[in-house]
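Colleague: One letter stands for each residue in the lines below.
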Amino acid sequence: MMKFEQVIQKNVNAITWTSAALIAIGFLGEAVGSQMLYTVAFVLASIIAATPIIIRAVEALKVRVIGIELLVSIAVIGAFVIQEFNESAIVTFLFLFGSFLEAKTLAKTRESIKTLTEMAPTTAEVVQGDGSIVETDVDDVDEGDIVLVKTGGQVPIDGDVVEGSGYLNEASVTGESKLVTKQVGDGVFSGTILDNGTLKIKATKVGDDTTFAKIVELVEDAQDTKSHAEKFIDQFAKYYTPAVLILAILVGFISRDFRLAITVLVLGCPGALVIGAPVSNVAGIGNGAKNGVLIKGGEVVDTFAKIDTLVFDKTGTLTKGNTEVSDLKNYADDQNQVLAFAAKLESQSDHPLGKAITTYATQQKVAFQNLQVTTNNTIKGQGIEAQIDQHQILVGNQKLMTANQIQLTEAEETDLKNLQATGSSTVIVAVDHKIQQIIGVSDVIRDNVKENLAALKQLGIKKLVMLTGDNEITANHVAQELGIDEVHANLLPENKVTFVKQLKDQGHKVAFVGDGINDSPSIATADIGIAMGGGTDVAIETSDIVLMQSSFHELVHAYGLAKKTVANTRQNIIIAIGTVVFLLIGLIFGYIYMASGMFVHEASILVVIFNAMRLIRYHAAGAK
Amino acid sequence: MTKAILQLGALTCPSCMQKIQGALEKQAGVEKVKVLFNASKVKIEFDDAVNTADALAQVVKNLGYEVQSVKVKQPAK
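So the sequence lines, in the order shown, correspond to chains A and B.
Residue numbers for the first sequence follow UniProt numbering, so the first one is 1 and each next one is one higher.
Residue numbers for the second sequence follow UniProt numbering, so the first one is 1 and each next one is one higher.
If you're looking for bench data, these hints aren't it; they were derived computationally from the structure.
Just so you know, not all the hints are guaranteed correct.
[Stated by the list, open to error] Keeping only pairs whose Cα atoms sit at most 35 Å apart, straight-line, the calculated DSBU-like set for lysine-lysine is:
(1) A:K114 - B:K61
(2) A:K296 - A:K463
(3) A:K329 - A:K434
(4) B:K32 - B:K71
(5) A:K10 - A:K62
(6) A:K399 - A:K355
(7) A:K504 - A:K214
(8) B:K61 - B:K73
(9) A:K205 - B:K43
(10) B:K71 - B:K43
(11) A:K200 - B:K73
(12) A:K104 - A:K114
(13) B:K43 - A:K202
(14) A:K150 - B:K73
(15) A:K296 - A:K205
(16) A:K290 - B:K3
(17) A:K62 - B:K43
(18) B:K43 - A:K104
(19) A:K238 - B:K71
(20) B:K73 - A:K231
(21) A:K114 - A:K202
(22) B:K34 - A:K231
(23) A:K306 - B:K43
[What the hints assert, rightly or not] Residues on chain B that point at chain A, a partial pick, calculated with CB under 10 Å:
(24) C16
(25) K26
(26) L63
[To be verified] Listed next, with one range per pair, are the computed distances between beta-carbon atoms:
(27) A:L101 - B:K26: 29 to 35 Å
(28) B:G9 - A:N471: 56 to 62 Å
(29) B:Q21 - A:H228: 17 to 23 Å
(30) A:I588 - B:G9: 40 to 46 Å
(31) B:G9 - A:R64: 21 to 27 Å
(32) B:K73 - A:D447: 38 to 44 Å
(33) A:D186 - B:G9: 39 to 45 Å
(34) A:E494 - B:Q74: 39 to 45 Å
(35) B:Q74 - A:N376: 55 to 61 Å
All figures in this text were calculated on a predicted structure; none of them were measured in a lab.
Ideal Cβ placement from N, Cα and C applies to all residues, glycine included.
Produce the complete structure using the sequences and hints provided.
Modeller: Here it is as structure tokens:
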């Protein structure tokens, strides 16, 4: 018996086409006036097409589920009993054909996760103790194993490069297909592809523990994490289907019209209603995953679409989180030489501002490594005094200059004040008792933040708030630059939580955007927690939404997508309910019968799926 | 507790989920069943002293669904 059922289920498509052919033959029989051919063809079509449906209905009943299949089965058997063979044949065919199309179109909405899972590595070339290489299933690679990856190959584990170098395409993890250089000591992610080079990597995380595996798992879970609307519909469907059955029986008893009763069964199928909301979320979340936005489920989509207040952490979120030279005022004839002096001295200190200056000098292709420093004197709280090439060099703050009796000219004084007003830290460079440069160092704002924040406001965000542990001057400057509405500076992490709570208490729907590491409490407190962070575990675990590339365009995309997805769900529910109402009216006025009712049903299911598919192509407008 | 992940052929009807869920939950030693509709996966936590992953996969097959792969994860010892 089991065998028979499996054979039937495996060949459902063949059955569908056969029944279609038989129906065609039946109509042909009618056309040529052969009652025999007509009846035989429709009877056969009904029987073969009804078989898989009845099997499914019985299987469901065994686990005490009253499914759509049961409604259809009873209706078809009923039609058969009253010898409406053409009705039973067409209804069963349409039902099977509908399921076929549903499967095809659903596969489209699921494509994004499918491509994601298909990117998962399957084998690894593990370097053995004797230097030989053994191809191993990724599930059998252990932490600490050394894995070889060649050009064109895929990194099978998370780990650190121990030998070689190359260019990696990290699109599978960050969503951005930009090549990244990897050298000894650099961390690499499973699922990324080595575009060029050869790497030996020591595995730190394998199998399901890798970041890529976690992303896949998260997206898979997210697509099945239901929104309120979906949960409601699930509950509704649970009682709705049996209710239709009871209604049909009642109708049959009261009207004594068997035909009417079985028609109610077919029309009552909750098709589009059950599939409408989930299919929108699947498409929406899939779109996000493809664009570097991980959204944890339909619930999050719903809530995020309602957000009106965005709260940002400053350092590492609005800004890049590492200091860079933001401005350089030069008074010397040879700018590069002075910069070289400063960089040389700073390269010998471990002051955080120093690193920004040496990096800047390297970027400007200023050679400073070969300069000879003869004396080098660090004055605490002031700076460095040194001798290079018979020049006396001073690199430090204003105190250092005053201590050496160097006066700033009026112009220099103004430059210094201006730099400080932008929140920059300043480094003054004097050569042979003459001020030559003032270098402004600050935490640089991420690219295109201003444009993207404006785009967010256009999409419906009412208020932008910045919370930071940094000082007021810097905070205000950044806020002004970006058009932030409200700023609170000098905050500890727990103060940030208090502010988020306050905003919520005032009735705002609050999303907190942080870098996911030190902001976890605020991320957890807000209605929606958003983590900037290219693939850190903490970010993936603590937040509701993860922006893989830490870009603000992703934030705009995520918000726009959430709004679009919610709207799409709403449209689908309206389509589904509209269909039921339309059918009911049709039934009352006698326009709709079983076969046409089934047709409208299946059509409405396809309409909601097609509607949801529009979300797959959604792209947020605005700055990149 | 052992964890088994079954990759099924594409699931298309939400009621299939209830069927699979219901059938697996009734099996001996099964603690937790999660059917991922969109990923067409089933995650089962069960006691391997009482049941095996292959037997559970067979239950799903008997319901009429294709089981493409079975992955078993033993708890860390």
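Colleague: For every hint, state whether the structure bears it out.
Modeller: We went through each hint and held it up to the structure:
1. A:K114 - B:K61: holds (22 Å)
2. A:K296 - A:K463: Given that 35 Å is the threshold and the Cα spacing comes to 24 Å, the pair holds.
3. A:K329 - A:K434: holds (14 Å)
4. B:K32 - B:K71: holds (16 Å)
5. A:K10 - A:K62: This hinted pair holds, its Cα atoms lying about 20 Å apart.
6. A:K399 - A:K355: holds (21 Å)
7. A:K504 - A:K214: holds (31 Å)
8. B:K61 - B:K73: holds (20 Å)
9. A:K205 - B:K43: Between A:K205 and B:K43 the Cα gap is close to 22 Å, so the pair holds against 35 Å.
10. B:K71 - B:K43: At roughly 10 Å apart (the allowed maximum being 35 Å), B:K43 and B:K71 satisfy the hint.
11. A:K200 - B:K73: With Cα atoms ~27 Å apart, A:K200 and B:K73 stay inside 35 Å; holds.
12. A:K104 - A:K114: holds (14 Å)
13. B:K43 - A:K202: Holds - the C-alpha atoms of A:K202 and B:K43 are around 30 Å apart, at most 35 Å.
14. A:K150 - B:K73: holds (30 Å)
15. A:K296 - A:K205: holds (23 Å)
16. A:K290 - B:K3: Given pair A:K290, B:K3 holds - Cα atoms ~29 Å apart, limit 35 Å.
17. A:K62 - B:K43: This hinted pair holds, its Cα atoms lying about 22 Å apart.
18. B:K43 - A:K104: holds (24 Å)
19. A:K238 - B:K71: Status holds; Cα separation ~32 Å.
20. B:K73 - A:K231: holds (30 Å)
21. A:K114 - A:K202: Cα-Cα ~28 Å, so holds.
22. B:K34 - A:K231: holds (16 Å)
23. A:K306 - B:K43: It holds: about 32 Å lies between the C-alpha atoms, which stays within 35 Å.
24. C16: holds (9 Å)
25. K26: holds (8 Å)
26. L63: This hint holds: B:L63 lies near chain A, its Cβ roughly 6 Å from the closest one there, short of 10 Å.
27. A:L101 - B:K26: 29 to 35 Å: Between A:L101 and B:K26, where Cβ atoms are some 33 Å apart, the hint holds.
28. B:G9 - A:N471: 56 to 62 Å: holds (60 Å)
29. B:Q21 - A:H228: 17 to 23 Å: holds (21 Å)
30. A:I588 - B:G9: 40 to 46 Å: holds (41 Å)
31. B:G9 - A:R64: 21 to 27 Å: holds (24 Å)
32. B:K73 - A:D447: 38 to 44 Å: Since the Cβ atoms of B:K73 and A:D447 sit about 42 Å apart, the hinted range of 38 to 44 Å holds.
33. A:D186 - B:G9: 39 to 45 Å: holds (40 Å)
34. A:E494 - B:Q74: 39 to 45 Å: holds (41 Å)
35. B:Q74 - A:N376: 55 to 61 Å: Given about 60 Å between the Cβ atoms, the range holds.
In this structure, none of the earlier numbered hints is contradicted; all agree with it.
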